[in-house]
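Listed below are the residues making up each chain.
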Amino acid sequence: MTDVTEATFMDGRSAETETVRARIEGPYLVASREVGAELVRWPIGQLHVDALNEHGVAHVEWPGARDAVLALRDPAFTHALAAGGARVHALPFGRRAAAIGLGSFVFFAVLLGLAYLNSGVVSAAVARRVPAEVERALSPRMQALVARHTCRTVASDAALAELRDRLDPDHRVRADVRIVNLRVVNGYALPGGVVLLTSDLLAEAESPDEVAGVLAHELAHVERRDALSQMIRNTLLGALWSATLGDYSGLMVVDPKTAYDTATLSFSRDEEAAADEASVDRLTRAGISTRGVSRFLQRLAESDEDRVTWLSTHPSPADRTAILAAQRLAAEGPPVLDANAFADLKMACTRTPEAGSVRDLFF
Amino acid sequence: MTTHAAEPAEDEIEHRVTYSGSGSVLFVLIFKNLLLTLLTLGIYLPWARTERRRYLWQNIAVGGHELRYHGTGTEMFLGYLKVLSGYLALVGLPLGIAKVDETVGRALQVAGLALLVLLLPIAIYGSRRYLLGRTSLRGIRFGLEPGVGGYWMKCALGTLLTVVTLGFYAPVMSNDIRRYIVDRSRYGTAPFGYDGTNAAVFRLAMRGSLLCLLTSGLYYPWFIASLARFRVQSAYIHGARGKLTLTGGDVLVLFLVGTLGTFLTFGLGFPWVATYVLRTLASRLSFVGPIEWSAIGQRAASGNAAGDDLANALDVGLEL
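Residue numbers (my numbering), protein chains in the order written: chain W, 1 to 363; chain V, 1 to 320.
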């Protein structure tokens, strides 16, 4: 053990420093000039030692001597002080450092991974407990925009009601289904149970069964509360990440990613796959052939028009066509709507010129 | 009279800056602290930041003496709570009010955001004041005198003039602000000074901008290096003046190492990148000339942690 070492004494009153000899005398750390007076006699048990320097420099302070510091350059002497009861703040070095570093990294990654993997389950459970009215109140501007571009005639309302009654005869899904004048081929499930079928989607559809397939899919999103679940999930993960990094924007109610996801209404692959499964079930129960929507998806996949956005906001077309291709209801039954009702649906926006046509509802 | 050939003349005394930290220890610190911060849902952050600073400071030496950081996690946490309350009042409250009355809520949101922008200079000054007040060398603390009002005015006026002059005033504004801060900085009882003139920095900026334009931006690292050298060499304390030997090549290498080292390793290489950057910058920095250490006395610590927390919240902190 090193009992005596050279040190630098700083009295805390001026920036002048002095080289001194430091030694341990029983319970005390003593520093004195080579020849002359004793400068320091500090009780080791009350010392604070900062040993964070990678060259082994340690700064020793005693609360009783305000601002005075003793800088030691001998790690063995610092160890001796620690053994004597001094409070040493040191960083781990060598193997211990590697173990702590790697352990922390792995634990951190696992925790984040678990949070990410379970966030969907948690947010879906929370979403199911939020009343639909509260969910709708979360996006008042979006609701206003939808109302401005809604196309409706008495005949189209009747056709939509007929379609809904076939798909959801008990009206268990609290959805507000609308036709909107949008120049994109898509269907949306907005927060608050608002389902949108765009004018171009209806124009593109060649049979009412194709529209029924899309509507069944969007109703499944509403039933599962996917829109709200997505908002909650993004906000939870965003807040967790922000809190970890100290970014206060994570405390905002809706972060930019959530706002974007909500605006584009894109759901995760799992949510889309689940909605596909549910829509097939619903079509099967309603006695509507899934061939229609299967053909529709195939046609859209082959289209290179940029207004066909269904596949971009509804990922994994290969997976979903595989689900639909299974065609649990193989037989092609009579169409879900007659020709007149289908025409009323397709003409809804032509007959409602006041619902202005737009390329994008959300941007 | 006998002269000692080995001893440099007083005006040649060089107080070199060095950084002795390592990437591996920084890696341990960063991930240990990230983990604890995640586990405590962010509450540990002030202590994490304090520990990182203590490590960085103690591995930076000036003239062979290490810096020390005296801030505590507790005071940073209290500052964090103050800032959080202010943030919730400025951002959260208008969001809540917007649910009841959208017009009033929106107006308050705009007003809150405008106020946050106006707070930027106060946050920057407060952060520098806190950091300097918690840093010591040779047992003596640094400090920054009060003067946030003047700083705010300089920033506001400078921004206005920069807009009016289509950006031409920007280098002068930046130099004015730097002078304001350095002239109010002190080491114990010894004040720092800054004598870089606006005319000189304007010439430097115009020349640099022109060369950047002519070389399609390739000159930019050399421009940055020349500005950094000018700023450091314009600062002095006692008889010693700042000296920076950073070259455009250094800046280019630092940029490449920083970008590639961080992105190619998905951020895992950051501690080693940061260590390389700090080592390079420190090795190019020194103070040349005599400093009469015995004439420099202690002064009380300045600033409080709320300024630093606010600066970090507004993303204008030093990220240390």
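Derived by calculation from the structure, the hints in this document are not laboratory data.
Keep in mind the model is a prediction, meaning the values are calculated, not measured.
Keep in mind that the hints are not guaranteed to be accurate.
In silico negatives: residues of chain W with every beta carbon more than 12 Å from chain V [unchecked claim]:
id, residue
1, Leu111
2, Asp176
3, Pro334
Cβ-Cβ distance ranges computed for the label pairs, FRET-style [claimed, not checked]:
id, chain 1, residue 1, chain 2, residue 2, range
4, W, Ala137, V, Arg207, 21 to 31 Å
5, W, Ser32, V, Arg203, 49 to 59 Å
6, V, Thr40, W, Ser268, 22 to 32 Å
7, W, Ala125, V, Thr247, 53 to 63 Å
8, V, Thr165, W, Glu16, 17 to 27 Å
9, V, Arg106, W, Arg183, 22 to 32 Å
10, V, Leu95, W, Asn340, 16 to 26 Å
11, V, Arg106, W, Asn340, 22 to 32 Å
12, V, Gln233, W, Gly103, 43 to 53 Å
13, W, Ala144, V, Gly150, 23 to 33 Å
If the Cβ cut is set under 7 Å, some of the chain W residues that face chain V in the computed set are [said to hold, decoys possible]:
id, residue
14, Glu6
15, Ala15
16, Glu18
17, Leu39
18, Leu52
19, Asn53
20, His55
21, Leu91
22, Ala99
23, Val106
24, Phe108
25, Ala109
26, Thr350
A virtual CB, placed ideally from N, CA and C, is assigned to each residue, including glycine.
Would you list, in rising numerical order, the hints stated earlier that this structure does not obey? 1, 4, 8, 10, 11, 13, 14, 16, 17, 22, 23, 25 and 26
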